[in-house]
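Chemist: Each chain, written out:
There are 2 protein chains.
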Amino acid sequence: MVRRTGGDRDGGGGDGGSTVTGAGNPDRSERPSPRTPAENAQLALLLEVAGTPKPGNVDRARDLSDLRFEHFLAGAVGSNEGLRRAASGAPVGVAFERSVRGMRHQEGGNTQFGCLLLLVPLVRAAAAGDLSPAGAADVVESTTVADAADFYRAFEHVDVAVDDPPENLSDLDVRRGSDAVPALRERGLTLSDVMAASEGDGNAAEWADGFAHTFDVADTILADDGPAPDRVARAFVNRLTEGEDTLVRTNHGPEVAADVRRRVAEARGDPERMAELAEAFVAEGINPGTTADLVCAATFVALERGLSV
Amino acid sequence: MVRRTGGDRDGGGGDGGSTVTGAGNPDRSERPSPRTPAENAQLALLLEVAGTPKPGNVDRARDLSDLRFEHFLAGAVGSNEGLRRAASGAPVGVAFERSVRGMRHQEGGNTQFGCLLLLVPLVRAAAAGDLSPAGAADVVESTTVADAADFYRAFEHVDVAVDDPPENLSDLDVRRGSDAVPALRERGLTLSDVMAASEGDGNAAEWADGFAHTFDVADTILADDGPAPDRVARAFVNRLTEGEDTLVRTNHGPEVAADVRRRVAEARGDPERMAELAEAFVAEGINPGTTADLVCAATFVALERGLSV
Chain A
1 MVRRTGGDRD
11 GGGGDGGSTV
21 TGAGNPDRSE
31 RPSPRTPAEN
41 AQLALLLEVA
51 GTPKPGNVDR
61 ARDLSDLRFE
71 HFLAGAVGSN
81 EGLRRAASGA
91 PVGVAFERSV
101 RGMRHQEGGN
111 TQFGCLLLLV
121 PLVRAAAAGD
131 LSPAGAADVV
141 ESTTVADAAD
151 FYRAFEHVDV
161 AVDDPPENLS
171 DLDVRRGSDA
181 VPALRERGLT
191 LSDVMAASEG
201 DGNAAEWADG
211 FAHTFDVADT
221 ILADDGPAPD
231 RVARAFVNRL
241 TEGEDTLVRT
251 NHGPEVAADV
261 RRRVAEARGD
271 PERMAELAEA
281 FVAEGINPGT
291 TADLVCAATF
301 VALERGLSV
Chain B
1 MVRRTGGDRD
11 GGGGDGGSTV
21 TGAGNPDRSE
31 RPSPRTPAEN
41 AQLALLLEVA
51 GTPKPGNVDR
61 ARDLSDLRFE
71 HFLAGAVGSN
81 EGLRRAASGA
91 PVGVAFERSV
101 RGMRHQEGGN
111 TQFGCLLLLV
121 PLVRAAAAGD
131 LSPAGAADVV
141 ESTTVADAAD
151 FYRAFEHVDV
161 AVDDPPENLS
171 DLDVRRGSDA
181 VPALRERGLT
191 LSDVMAASEG
201 DGNAAEWADG
211 FAHTFDVADT
221 ILADDGPAPD
231 RVARAFVNRL
241 TEGEDTLVRT
251 NHGPEVAADV
261 RRRVAEARGD
271 PERMAELAEA
281 FVAEGINPGT
291 TADLVCAATF
301 VALERGLSV
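These protein sequences, in sequence, are chains A and B. Oh and the first sequence: position 17 is 17 in the UniProt record's numbering, straight run, nothing missing. Oh and the second sequence: position 112 is 112 in the UniProt record's numbering, straight run, nothing missing.
Quick caveat, the hints were computed from the structure, so don't treat them as lab data. Just so you know, even glycine gets a beta-carbon here, dropped at the ideal spot from N, CA and C. Keep in mind that the hints are not guaranteed to be accurate.
Not everything, but these chain A residues come out facing chain B in the computed CB check (under 8 Å) [what the hints assert, rightly or not]:
#1 Gln42
#2 Leu43
#3 Leu47
#4 Arg60
#5 Phe69
#6 Gly78
#7 Ala228
#8 Gly243
Given these sequences and hints, build the entire structure.
Modeler: What follows is the structure in structure tokens.
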């Protein structure tokens, strides 16, 4: 992997932060985006939270009681260091743990853990010049036991809603954080293995399946028209009607998750009903966060492929 | 100036982007903010545009016709590289030109030129461990002819509304961009000299006066309570009643600028009248942008001094 400094005429900054890998250099390649992969990942985090309406989620028009818009802004700012490390070729686990550690420096708690779990391998793939299902799968397959250990450490920074693991995997409950690392090492589990064992989690499913839904949703965002945040909101609503949100299922069970799909499908296209649904979801504590994660990752792919802002 | 890598246990990112100067390292100093100066500057850009209502400006609740919220999000993302260079000790002109060059990668045009003109020297001062009027004045006084040349080059990236210069300074019209550099060199003008000659510009006045209003407004933000974006919006409204917005005067003349102050003072505290005023200002093409720049810079100072988000 070739590293070089950016193409700036001055080169005087001296912080080296403009070094990117291969095709990631916007000044010298033909990539359509004027931004680096790390910059597009940060912009995806910001566009995701700006898109409205996204029923049940914080967006430009709505806050939750203890989770507000500015917490996501600060989360996106703090994530940047880890995302730049991912673009520079740092191990996926290191980059992810660092991005979560920066993200949590705000008072809202877990704002973007799931988004970052999808973004970090995609940024790695983009920086390596192959942002495709195959390129993303290569990144996943290259993960190590050390990456898995850093993934577990990241859970110590924020509270993440997860299902209980199967009984034979209780020593690998992610909520154990670094206490689970000896068990990881003993079993020789890579981060890819850990994701493959995480049944019923939408983000883990993306890891295991070459980010298939992420790339599909990116295509719909690129095929859509209008301002980027409006495309993001439409992608969110459409995706929510197409696939169960696994965070809703974790928190409320499969029947509520199915009900959410139906209610969103019925309200789609009617701004007044969508607004009512947004209020109702907040009142019922329904937060389709995994769908938001997926749309954030898809927005990153769309930006890399030329979505303009 | 001592440079060192951040205090991360892994240190494996290899992009060097976490190097900051002296007191800027959040892991090892007693600075109250969990973020680096460059991160706080980026967050200030985001909080500034998020605060609402800010009559006449884009904010969380309002877009202008061709200038939308997401353009400011992308501008904040693109500014980051230059802001990090400022924190790493790059010359003010280099850091400013780079931040503007990154900022303009969005379709809204000039979103944050004025904010960056204030933020860059303040970030430098913060990274050097003296974010105070004296520390900011030191940064201003240390600027060179090369900084002035980079400042002029930055005008080639975006259209910036400025007054005509005095006749004896027409060869130094900033709109000439790098064509004015020979004249700068011949006269031996530093960036500090250029700012001192920019009569009637609110941002240049801050440069010339140790950022006095910036630090004053930061104090009011810190003394206020409630969520950060609400404090930002209140600071904007209050400042707009206290001092003429020089962008409004440049675009509409001193009578309109005085009228804006009066109308905002009358509407202050009445959400309905403030909303009407926001609509009216947009209809009249009134954009109090210099006040927004000042409040953005003040938000940075407040974040550095412990404003939590």
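Chemist: Could you work out which of the previously given hints the structure breaks and list their numbers from low to high?
Modeler: Going through the list in order, the structure violates hint 8 alone and respects the others.
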